[in-house]
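Colleague: For reference, the chains in residue letters:
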Amino acid sequence: MGPIMGMNRTMTEERTAEYRPSLDNGREGGLLAAIGQLRGSFAGSALIALISIAALLGLWEWLAIAFDVPTWLVPKPSDFLGRLVSDWQLIAGHAVATSITIVEGFALGVLVAVPLALAISSIGALERGLYPVIVFLNIMPKTVVGPILIIWFGIGPLVAALIVFLMCFFPVLVDAMAGFKAVDRRLFYISRSMGAGAWQSFAKFRLPAAMPHIVSGMKIGVVKAVEGVIIAEFIASNKGLGFMIMQASSFMDMPLMFAGLVAAAIVALLFNGLMSVFERQMMPWAHTGR
Amino acid sequence: MTAVQSETNPSASALASSGGSSKGASIHAKGISKIYGSGENAFRALGPIDLDIKPGEFVSLIGPSGCGKSTTLLLVSGLEPPSEGSVEVDGMPLTRPISEVGIVFQDHLLLDFRTALKNVMLQQEIRGLDKAELRERAANLFDRLGLKGAEDRYPRQLSGGMRQRVSIARALVHDPSMLLMDEPFGALDAITRTQIRHDLEMLWLETRKTVLFITHSIEEAVGLSDRVLVMSTSPGRIVEEIPIDLPRPRPAHLGEYPEFSRYAQQIYEIFSKLGVYRF
Ligand SMILES: Nc1ncnc2c1ncn2[C@@H]1O[C@H](COP(=O)(O)OP(=O)(O)OP(=O)(O)O)[C@@H](O)[C@H]1O
Ligand SMILES: [Mg+2]
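Keeping their order, the protein sequence lines are chains V and A. Start counting the first sequence at 1; every next residue gets the next number (this note's numbering). Start counting the second sequence at 1; every next residue gets the next number (this note's numbering).
Bound conformation, chain V alone (with noise of 0.2 Å):
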């Protein structure tokens, strides 16, 4: 592309023709080529990940049988993996509550933490009031207000649901504080002069101008929401694979409790592969070539 700029004016013409299929197979391969990367690299590692976890769960297998060790104590993968299959409704039925609240939680807290950045990042007086305030509440540990919850709203998917907000709300928070803060004052300046209103301004510039931070901030809520919904539904629930693993825990069900952390990591990759997904979504240049 670099030549392209040093050419004259009176070459403009095959200036053009040149350069046009040389863009298109330019982006065609790389396309295709990182198309072929990502299968082949997600392909192969997912290869790789299965045969080594077979062979890890075999290897359990046989040594919890070699040595005989009770069930109670240490299940085999025979036992948590039968679990899953025998009483998959059961827990499919608590795998889809802890989705639901960690939804409800994230969008909650996406919803009010982009806005409130927004108006922190906006306006001076309200930065310095309530930063000192949101640094303090962002290194409490968000779990220790569930027994709060609790007595204000009753045991139940929207305390946990409330936690896991706390959880990914700052995150999402001081990252989107950043984005918009970092917008070129310049680009302002550019909308301005289009004639754009508030509303336009913010919707067309500001925010998309902030995405790649308040992408990130969200790639980190995402993980703290499915971390911390477990929790939550330990302490302040009776529904979902955290409350299902603790009431296993409390008839001493070592397989049910095994098979809940199975459907928690698999309940886990799935919100962080869409979280993924959103992310190509919202940052479209990183997969289309170059």
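FYI, nobody ran anything at the bench for these hints, they're computed from the structure. Hints may be right or wrong, so weigh each one.
Claimed, not checked - Straight-line alpha carbon distances no greater than 25 Å define the calculated SDA-like cross-link-like pairs of lysine to any residue that follow:
1) A:Lys-118 x V:Ala-198
2) V:Lys-204 x A:Glu-100
3) A:Lys-131 x V:Lys-181
4) V:Lys-219 x A:Glu-80
5) A:Lys-131 x V:Leu-130
6) V:Lys-181 x V:Leu-130
7) A:Lys-30 x A:Ile-244
8) A:Lys-273 x A:Ser-261
9) A:Lys-118 x A:Lys-131
10) V:Lys-204 x A:Lys-273
11) V:Lys-219 x V:Ile-151
12) V:Lys-219 x A:Phe-113
13) V:Lys-181 x A:Ala-187
14) A:Lys-131 x V:Phe-188
15) V:Lys-204 x A:Lys-30
Dock chain A with the ligands against chain V, hints included.
Modeller: Relative to chain V, chain A with the ligands alone:
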């Protein structure tokens, strides 16, 4: 002026036919200055200065860093109010940001998640202009600026020079009467800069927008302008006005003209006298 130019230049029809007929605006600023802060922290960043730019004129503002060039651009566009004085565009006093304008800054300031074409079409979206017409104008500008084939690429997938070209297309697609450029080629390499300077000159010759062009580069100022305004150190005032009487389009290598060296010499001498250079 526009009419005369496009009649004498047959290739001008390309832009003119796709709705590009807006005449250059006149800019008239009287005693404008900018004072940032207040009380003890008050800081005079500019002026007072007068500006008198004729419709279709290409005027450069050259001056040392921090003298208030960017501030001047903001005042002229109405994006910031002057602390003293007033600005008139086409005889109308400015009270809010003018919209009949295209602005290009040193950084392209394109939006990352919009393709090159979508970045340019933002003008149409925000202004609510006719989509088909603006698309045609955009296609034309992409063609003229050597951007063909780059329409669907994202800014991150373009070279620095191409990004700046897209930024220029964005500033012109809605056919404004005035183009304000703040060191638009400042971040580009010398080869790209020379080419893009020529491309801009050709576009200007066809459309005759009024251009206020801010630069640090004597070569750019002399290479592009009808008139160069030289500013003093901060708070900037206009200390000299140099009409550039060179034929157009001007060549890549300005050294071809002995007059170029004379103009350059003149500007160097002013800067030396002002203490901008300490050799
Ligand atoms: N928003 C602002 N608040 C306070 N001071 C400002 C502001 N904007 C600019 N200044 C000051 O005003 C002076 C002129 O700034 P300006 O950006 O207009 O200079 P410039 O000539 O464009 O400089 P450069 O060539 O480096 O771009 C500088 O001293 C700058 O620090
Ligand atoms: Mg400047």
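Colleague: Would the hint linking Lys-118 (chain A) and Ala-198 (chain V) be met if the CA-CA limit is 25 Å?
Modeller: Measuring from Cα to Cα gives roughly 21 Å; hence the hint holds.
Colleague: Check the hint pairing Lys-181 (chain V) with Ala-187 (chain A) against an upper bound of 25 Å on the C-alpha distance.
Modeller: With Cα atoms ~23 Å apart, Lys-181 (chain V) and Ala-187 (chain A) stay inside 25 Å; holds.
Colleague: Is Lys-219 (chain V) within 25 Å of Ile-151 (chain V), Cα to Cα?
Modeller: violated (31 Å)
Colleague: Next pair to validate is Lys-181 (chain V) with Leu-130 (chain V); report whether the Cα-Cα distance is within 25 Å.
Modeller: holds (16 Å)
Colleague: Quick one, are Lys-204 (chain V) and Glu-100 (chain A) close enough, alpha carbons at most 25 Å?
Modeller: Given pair Lys-204 (chain V), Glu-100 (chain A) holds - Cα atoms ~20 Å apart, limit 25 Å.
Colleague: Need the status of pair Lys-204 (chain V), Lys-273 (chain A): alpha-carbon distance at most 25 Å?
Modeller: violated (47 Å)
Colleague: Would you check the hint for Lys-273 (chain A) and Ser-261 (chain A), treating anything up to 25 Å between C-alpha atoms as holding?
Modeller: holds (18 Å)
Colleague: Straight-line Cα separation of Lys-219 (chain V) and Phe-113 (chain A) no greater than 25 Å?
Modeller: Holds, at roughly 18 Å.
Colleague: For a C-alpha distance cap of 25 Å, please report whether Lys-204 (chain V) and Lys-30 (chain A) respect it.
Modeller: violated (35 Å)
Colleague: Please verify whether Lys-30 (chain A) and Ile-244 (chain A) have alpha carbons no more than 25 Å apart.
Modeller: holds (23 Å)
Colleague: So if I understand the rule, the pair passes when the alpha-carbon distance is 25 Å or less; does Lys-219 (chain V) with Glu-80 (chain A) pass?
Modeller: violated (38 Å)
Colleague: Would the pair Lys-131 (chain A) and Lys-181 (chain V) pass a check requiring their Cα atoms to be no farther apart than 25 Å?
Modeller: Outside the cut-off at roughly 32 Å; violated.
Hints 3, 4, 5, 10, 11 and 15 from the list above are not met by this structure, while the remaining hints are.
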